[in-house]
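Visitor: So the chains spell out like this:
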Amino acid sequence: MIKNYFKTAYRSLKKNKGFTIINLLGLALGLTIFMLISLYVYDELRYDRYNEKAGRIYRFNSDLKFGGNTGSYAVSPAPLAAAVRADLPEVESTVRFRMWGGAQVKKGNMNIHEHAVVFADSTLFKVFTLPMLYGNPATALKEPNTVVITEKMAGKYFGKVNVVGQTLTLNNNELYKVTGVIKDVPRQSHFDFDFYLSMSGFEDSRNESWFSNNYNTYVLLKKTADVKQFEAKLPEFLRKQAGSQLQSILHLTFDKFEQAGNYFKLTLIPLTDIHLKSSRVAELSANGSMEYVYIFSAIAVFILLIACVNFMNLSTARSSNRAREVGVRKVLGSSRNNLIIQYLTESVLITFIGAVIALIGARLLLPLFNQLAGKEMVITPQLLIGALPLVMAFSIVLGCLAGAYPALFLSGFKPVQVLKGKLAVGMKGGTLRNFLVVFQFAISVFLIIGTLVIYNQLQYIQNRNLGYNRDQVMIVQNVWMLDKQLPSFKQEIKQLPGVNNATLTGYVPMSGYGNSTTVFKDPVIDEKRSMMTQKWMVDEDYVNTLGIKMAAGRFFSKDMPTDSSAVVINEAAAKMLNFDKPLNSMIYSPQDDMVTSVKGYRIIGIMKDFNFTSLRENISPLVLILEQDGGGLCIRTQTKNISATIAQIENVWKKFSPNQEFSYSFMDENFDSFYRAEQRTGKLFIIFTIMAILIACLGLFGLTAYSTEQRIKEIGIRKILGAHVSGIVGMLSKDFLKPVLVAILIAVPLAWYFMQKWLQGFAYRQDIQWWVVALAALTAIIIAFVTTSFQAVKAALANPVKSLRSE
Amino acid sequence: MPKSFNNNMLSLQHISKYYQNGPNKAYVINDLSLDIEEGEFVSIMGPSGSGKSTLLNIIGMLDAPTDGYHYFIDQPVHQLKEKQRSALYKQYIGFVFQAYHLIDELTVYENIETPLIYQDIKGSERKALVADMLDRFGIVGKKDLFPSQLSGGQQQLVGVARALISKPKLLLADEPTGNLNSKQGEEIMELFRKLNKEDGVTIVQVTHSEKNAQYGSRIINLLDGRIESSITL
Ligand SMILES: Nc1ncnc2c1ncn2[C@@H]1O[C@H](COP(=O)(O)OP(=O)(O)O)[C@@H](O)[C@H]1O
Ligand SMILES: [Mg+2]
Numbered sequence: 080m081i082k083n084y085f086k087t088a089y090r091s092l093k094k095n096k097g098f099t100i101i102n103l104l105g106l107a108l109g110l111t112i113f114m115l116i117s118l119y120v121y122d123e124l125r126y127d128r129y130n131e132k133a134g135r136i137y138r139f140n141s142d143l144k145f146g147g148n149t150g151s152y153a154v155s156p157a158p159l160a161a162a163v164r165a166d167l168p169e170v171e172s173t174v175r176f177r178m179w180g181g182a183q184v185k186k187g188n189m190n191i192h193e194h195a196v197v198f199a200d201s202t203l204f205k206v207f208t209l210p211m212l213y214g215n216p217a218t219a220l221k222e223p224n225t226v227v228i229t230e231k232m233a234g235k236y237f238g239k240v241n242v243v244g245q246t247l248t249l250n251n252n253e254l255y256k257v258t259g260v261i262k263d264v265p266r267q268s269h270f271d272f273d274f275y276l277s278m279s280g281f282e283d284s285r286n287e288s289w290f291s292n293n294y295n296t297y298v299l300l301k302k303t304a305d306v307k308q309f310e311a312k313l314p315e316f317l318r319k320q321a322g323s324q325l326q327s328i329l330h331l332t333f334d335k336f337e338q339a340g341n342y343f344k345l346t347l348i349p350l351t352d353i354h355l356k357s358s359r360v361a362e363l364s365a366n367g368s369m370e371y372v373y374i375f376s377a378i379a380v381f382i383l384l385i386a387c388v389n390f391m392n393l394s395t396a397r398s399s400n401r402a403r404e405v406g407v408r409k410v411l412g413s414s415r416n417n418l419i420i421q422y423l424t425e426s427v428l429i430t431f432i433g434a435v436i437a438l439i440g441a442r443l444l445l446p447l448f449n450q451l452a453g454k455e456m457v458i459t460p461q462l463l464i465g466a467l468p469l470v471m472a473f474s475i476v477l478g479c480l481a482g483a484y485p486a487l488f489l490s491g492f493k494p495v496q497v498l499k500g501k502l503a504v505g506m507k508g509g510t511l512r513n514f515l516v517v518f519q520f521a522i523s524v525f526l527i528i529g530t531l532v533i534y535n536q537l538q539y540i541q542n543r544n545l546g547y548n549r550d551q552v553m554i555v556q557n558v559w560m561l562d563k564q565l566p567s568f569k570q571e572i573k574q575l576p577g578v579n580n581a582t583l584t585g586y587v588p589m590s591g592y593g594n595s596t597t598v599f600k601d602p603v604i605d606e607k608r609s610m611m612t613q614k615w616m617v618d619e620d621y622v623n624t625l626g627i628k629m630a631a632g633r634f635f636s637k638d639m640p641t642d643s644s645a646v647v648i649n650e651a652a653a654k655m656l657n658f659d660k661p662l663n664s665m666i667y668s669p670q671d672d673m674v675t676s677v678k679g680y681r682i683i684g685i686m687k688d689f690n691f692t693s694l695r696e697n698i699s700p701l702v703l704i705l706e707q708d709g710g711g712l713c714i715r716t717q718t719k720n721i722s723a724t725i726a727q728i729e730n731v732w733k734k735f736s737p738n739q740e741f742s743y744s745f746m747d748e749n750f751d752s753f754y755r756a757e758q759r760t761g762k763l764f765i766i767f768t769i770m771a772i773l774i775a776c777l778g779l780f781g782l783t784a785y786s787t788e789q790r791i792k793e794i795g796i797r798k799i800l801g802a803h804v805s806g807i808v809g810m811l812s813k814d815f816l817k818p819v820l821v822a823i824l825i826a827v828p829l830a831w832y833f834m835q836k837w838l839q840g841f842a843y844r845q846d847i848q849w850w851v852v853a854l855a856a857l858t859a860i861i862i863a864f865v866t867t868s869f870q871a872v873k874a875a876l877a878n879p880v881k882s883l884r885s886e
Numbered sequence: 387m388p389k390s391f392n393n394n395m396l397s398l399q400h401i402s403k404y405y406q407n408g409p410n411k412a413y414v415i416n417d418l419s420l421d422i423e424e425g426e427f428v429s430i431m432g433p434s435g436s437g438k439s440t441l442l443n444i445i446g447m448l449d450a451p452t453d454g455y456h457y458f459i460d461q462p463v464h465q466l467k468e469k470q471r472s473a474l475y476k477q478y479i480g481f482v483f484q485a486y487h488l489i490d491e492l493t494v495y496e497n498i499e500t501p502l503i504y505q506d507i508k509g510s511e512r513k514a515l516v517a518d519m520l521d522r523f524g525i526v527g528k529k530d531l532f533p534s535q536l537s538g539g540q541q542q543l544v545g546v547a548r549a550l551i552s553k554p555k556l557l558l559a560d561e562p563t564g565n566l567n568s569k570q571g572e573e574i575m576e577l578f579r580k581l582n583k584e585d586g587v588t589i590v591q592v593t594h595s596e597k598n599a600q601y602g603s604r605i606i607n608l609l610d611g612r613i614e615s616s617i618t619l
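Heads up: the sequence lines are chains B and V, in that order.
The first sequence begins at 80 in our numbering and counts up by one.
The second sequence begins at 387 in our numbering and counts up by one.
Isolated chain V (complex conformation) (with noise of 0.2 Å):
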């Protein structure tokens, strides 16, 4: 019977993904194992269609492997039902996407708060933790706007900012960047290292970029949906 180890934040012990295609079983995770550790940086590089989103929805539970162990902060996974597994990641885990996904209804402060109402946070509570939240991000002048009034590079900051609202232990970033010009890329790279480094946020990231994967302390390098080379900077 595997183990988790007691300094993992996470660990993926032979978790394969496939999806059956008639008689074949197409594999997007064949295999895989992966340790993280609290504070750690990882950047998942790798072609499309490697298996890098189907990796991260894995670890975020928002998707389930079909074989394989799954521990995430000594909890089995695999083993919890729909209900704990959610109550687990609202608590520990934030996402930024690519396409930031804000909802188009809701202002930038309404937004940053959702996570909060769904946590049955009382409203007092809420207006300080969003209020701090704006002023570290410095957007407290748009926190009336609504995402359609902002630039991408503003939107993403939301989504961060939106994400780590309800302090996450791990945060889990899809092509935070792909959507953004270089410059707007970099300043969210900044945020994260600060974030990884001052609060030791745990941060996951899936990028395309060489430069972008540098932020991180390590770099795992997908292929066919198994980890072809693991380096640590």
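Pulled out of the complex, with its shape left as it was, chain B reads as follows (with noise of 0.2 Å):
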């Protein structure tokens, strides 16, 4: 028996080739979209899971509020690890990052940048999982000037993995030696450093300060802690520790620090929901997000659902070529049952193809797809054999699912009615696939509107005036190894015919420097008249080179002395600081971390603000003084032979460094890649997108087909009695506009809810255009229209004896 219903279910779909062939092709195209999909949101999921400890490992966030700003944090204050050990129970160890902005590795005549460089307790190896192949993990990174590596940092300066006891020169003058060598960090990591500098030879590291947070601590709780009893007494502990050092710098107890509306917390967070859940200052990476985990998910959703419902849709249309052979069957005895088990038979069974169609899809498409995601994701035999069962499972569910509605409306016919020809069962049953067409175009409305919003915001921050100019501007790094020269060599590339100007500092907008402190505007410490601020340190060329324009009073100049206690303010800091007259009044700034002492500065100028970090947010105060600061160079070149200039600055720095790699970036191309995660996600949704619209479209198509054949005897008499061929196709399509009209109706105000909720997350956004709307609107119209107009053509077109004759 079950023979035979494979049999007759792959003869079936074998006789239908057109139907068989729209219907695995719609299928196939949603599942390997819908697979490719659930591979990158487990991929997003499965973060830092290789950690063997990763459900007892946190990692402590710090929120401070003071004098009117606020800081989310993933770093905490230095002496916070040892404290925690060894005032509460709960903990079994911790460990502290402390980023460290990249070195200058040397080995032999190699002299490299490095950035993945970081500085590491040595307890790194009891919380986190990094297997060691060469050393001890146990007493690594114990001593001062000793360094952890990867296996390919090994290959890469030794050229072999065993490495223990070399030595490597780091920054042309530290010398640190090889301790261990671990297994590079997995890709799902949260981290991925390649040098682990013992934190023991870094001084900072053991400062006492509360008040300034630059480590990325983590703590690994005992298997009997309990999380929630344990962050219960953060407050205190914090409160008891934080709270003496509080009193000595401004004289505040913590009670009175809270009374005034600042506050300073201590939260954790668990190492598996760093990667999607955090995105804080200071954090070890550029982290996902659950937003577009979400998104993701939905959209894989959205078009398997529109993939079954064109699966449905075909099937129930195809009905009415089968309602013979359902009559024949029960005349021969079949009973309901049978016909229900032999049409969920053939269902199951396309089903399945399209799921192995869809698996080797996924597999040829996964390196274009991972391009497109910025991933690497592999289909492992493991996985491929872990997901079998469950494509087998899923293709029995869907294909029931999707078979059962067609089985269930198949079966029921009566013979005789069905024998008689008497029934024209074929569009019958028209409300549910009325009601499915209709759902098919509002999602696929929904998400043409949603790219256009998406796309259309990503222009608008590529093309919005940030109030700098980043076109042209190059930035060499790591200027600071020129130590003495840097002066001369920034006037010797000023001087270049190819370069407009110069200006020697790191702190450039979009950059990832920053230096965030807090100034007050009295010589006295009080937290009720200070502002927290980014204080950056630049030269008199700064905005001239960068083309910030001023709003009042003048910039740096290297003929005024007294500039060396001046500063330059944005307009949000002016704003911020609310003087009567900006201009001239003076402002205090602390020297040092512990807030001991001031220096006054005199506000000598206003500049026009400018966008120095992502769209999303608001523009902040910033100050500026002028120091030197060796963290970059920015070049604004001319726009002519640009190569040619690089290569002249290359002379300049080789004549000034003839043993160090000359690097550099583009400021453009910095700023692309900071807003690269957003333009994934554009190029992916509309990538999907067109798919959604596609598998619609090919659901569209054949439903039309099946319409068409079903009324060509109408169509031929139509036209023998004198119809137009433009109105046979008129009366084709209207039935199928109506749906797609229906569902733009639905799905505009979603879109439009869940659209401006998105843009909600930009401080700079463009709000949805009613074009965005129209444009969609009429998109989803055009296709639908071309889509059954092509049907209905052919149909009216067609000689009218010859349709008659063949009934």
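This list has only true hints and no planted wrong ones.
Some chain V residues near chain B, calculated using beta-carbon distances under 7 Å:
id, residue
1, 443
2, 448
3, 449
4, 476
5, 481
6, 487
7, 489
8, 491
9, 500
10, 501
Since the hints were made in silico from the structure, they are not lab data.
No experiment lies behind these values; they were computed from the predicted model shown.
Cβ coordinates follow ideal geometry from the N, Cα and C atoms, glycine included.
Mind docking these for me? Both chains are given alone in their own frames, and the hints should help you get the complex.
Guide: Right, here's the structure in full:
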């Protein structure tokens, strides 16, 4: 019996090749995308789970409100780790990372800038699962000037893996002994360092300040510990630890500090949540976003639904052609159950084939998808074996779901009626089918609007006047290596023919460089008259090189020796400070972390606001002081012959520093990389939308094909009676345009609501334009019309005599 | 209470079938009574729309009358549930249609085999039965062809073979030769006669052809849902 079901199913699918191909194509396409997105979501959700103790590892987050500004940090004070170990019994171990912004690594004649360098406590390997290939994890990072490197780096610098005992030179003169080689950090990790320098050699790690956050601090709790209880103890703990320091610096009790509306809080985030749920200041790397995981999951489900709907629609539509078969089978003694099983077998078979095609498709498209999504996912044999039963179960469930309606519908036919040919069964069940078409197109319209809004917003970000000019600005990195020669290096660069201007600083918009501090309106430290702000060290060419406009006053000048105690602030800072006459007013800035003394600065100029952080955020206060910073040299080049200019600059670099690598970037590239995640999402969104629409169209195409076939006799008669081709096309297309219009009415408000919500995440945004909605609606209508009228025109142009004779 | 007679294959007593047409009842079968004995070969004739097909479908239990009593091999069909009725016709009745109604996706062999599958007959047994039937109808060479590859006459031959595969006691044929040329029609009629005479299969056929009607043992003329005349040859 089973064999017979399969045989008939196979034959029937083979016989209706067009139907089968359309159905399979839609299904396979939908499933392929579903699989790829599932893979993506799975990948995102697996972050940091390689750690054997992942369930017990937490990171401290600090939230600080002080002087009218707030900050949420992924870093905490240096003494925190030791203090929790000493005070709180739940703690098994802790480990701190201290970012260092990269280092120059020298070995033999190699001297390369490495970004993935970090200071780490020696407890690193007690907390995180980073298997050590050579060396002793228990002692590896105990001594100062020791380093644990990854296998990859061992190969890069030494050409072999076992390099324990070898030496690397960092930043030209610091010698580090390699005490361990670990396996490369798994891809799904929220940190990815290659060099772990011993924290014990880093003096600052022993600083006692509770008001300077610089250490990414992780705690491993004991197996018996209760996180909730542990977290509940933190406020009291912090109050005790930080309280006395607060007293000595600000002459405030913690209570007073809080009563003034300030706060300092410590919270925990589970290690496995960091990648998707944390985007604080000083993350170890750019994290993913739960928002996108949700969005993509929703798209995956949408696309799958569209594909299922197609399947149901096409199957029921086709029932007209099968009504007779049902009648005959019933006369031959088939029970209703027999027929239901037969049709479900057919439907499961087709979903299974679709799933297998999708599996192959997903495998083939994975490299492309990886590129688009910025991932390096692989389908391992284990994953495949694990997924196979899932795919099987899935095709059975999906097949049954998608086939249930047609199966029940078909098997319910009365043989006498269908054999008499009296039942125009094909297009019956039209309500459900119309509902499903509405559903499909509603999703499509929603996705079109979503795509357009995202695309618009990204364009807006790209083209927005940010208040500075990032075109043609080249940044030469690590110029601090030139040390005393820096000023003459800058001078020589400025004189190059292809160079318009240059400014010496690492503090440029979007560089990730930052220096958060508090300034006061009076020489006495009073948090009520303070402002949290960025304080950047720049030189006198800053605004000219970056094309920043002044709103009032002047910028720093070489000819003014007093400018060493002058500041230039932005409009946001001026507003926050709220002086009657900001120009020539004084502000005071602490001279060290402990805030023991302050220095006064005269405000000599106010810059127009420019967006120096992400457009998701409002412009915050910024204070510039005139001080040398070796973070980089920004060079505004002329548009002509860029490559020659780069070569000239490199020559100058080589002259000053013959042994150092010349590394540079362009500001607009940096800017783009800042928005790469958003760009990527936008691109993926567009691709998925096109796919969704394609699948929906495929379904509509099949549906019209059947409805037209159904009415071929009617069309023939109408033509003989004198109907025009256009009239017939109109008549046939009308049926399908109605549900599309309803779909638009449903989708537009929903899309409007959800996209408005998404846009709210941007401080600077372009609100949804009416033409976006109009374009989406028009696109849906045109697509639907083209799809249906293709069939309609074909039918209308056919010779009526032929179609009538074949009846 | 009307009763059936023991040597009767089937007995219809005061059968009516009507469709509600607004306030009026449109009678298709009007108070019709008919007994058919085992071994009979009945031809039903009558103008188009006189209710021939409806009558045949009622006999075959594909359609239910609105009124009347229907006995089939002593079973009161009018009292049976759908399931019991279909079990009854599965076992005793075979159908042949004017439009053949073969399943396009199945080969000749599989078309003939299908009723056996629905009767849960084992594979080996099915094989033997179908092979027998193919042999008897001389279509062994065609067994792997699909219906579309056969002529009308050949298709109807397969249709008859399929109807006979489950060894029915009653064969119902609605204009079996309506789509065939006269030579093909004659072949089918000869086959029916042989089935009736040699195998004792009771046959009821609807036909428009006076000549084909003569193959039967009785001719019933239908007019407006009533029996106008019944002639035993
Ligand atoms: N569903 C129906 N509703 C109304 N009248 C019907 C229906 N089905 C059949 N009829 C009528 O029943 C009559 C007999 O039909 P049928 O038995 O097919 O006639 P025959 O086979 O003798 O040509 C016809 O006049 C037809 O119009
Ligand atoms: Mg008829």
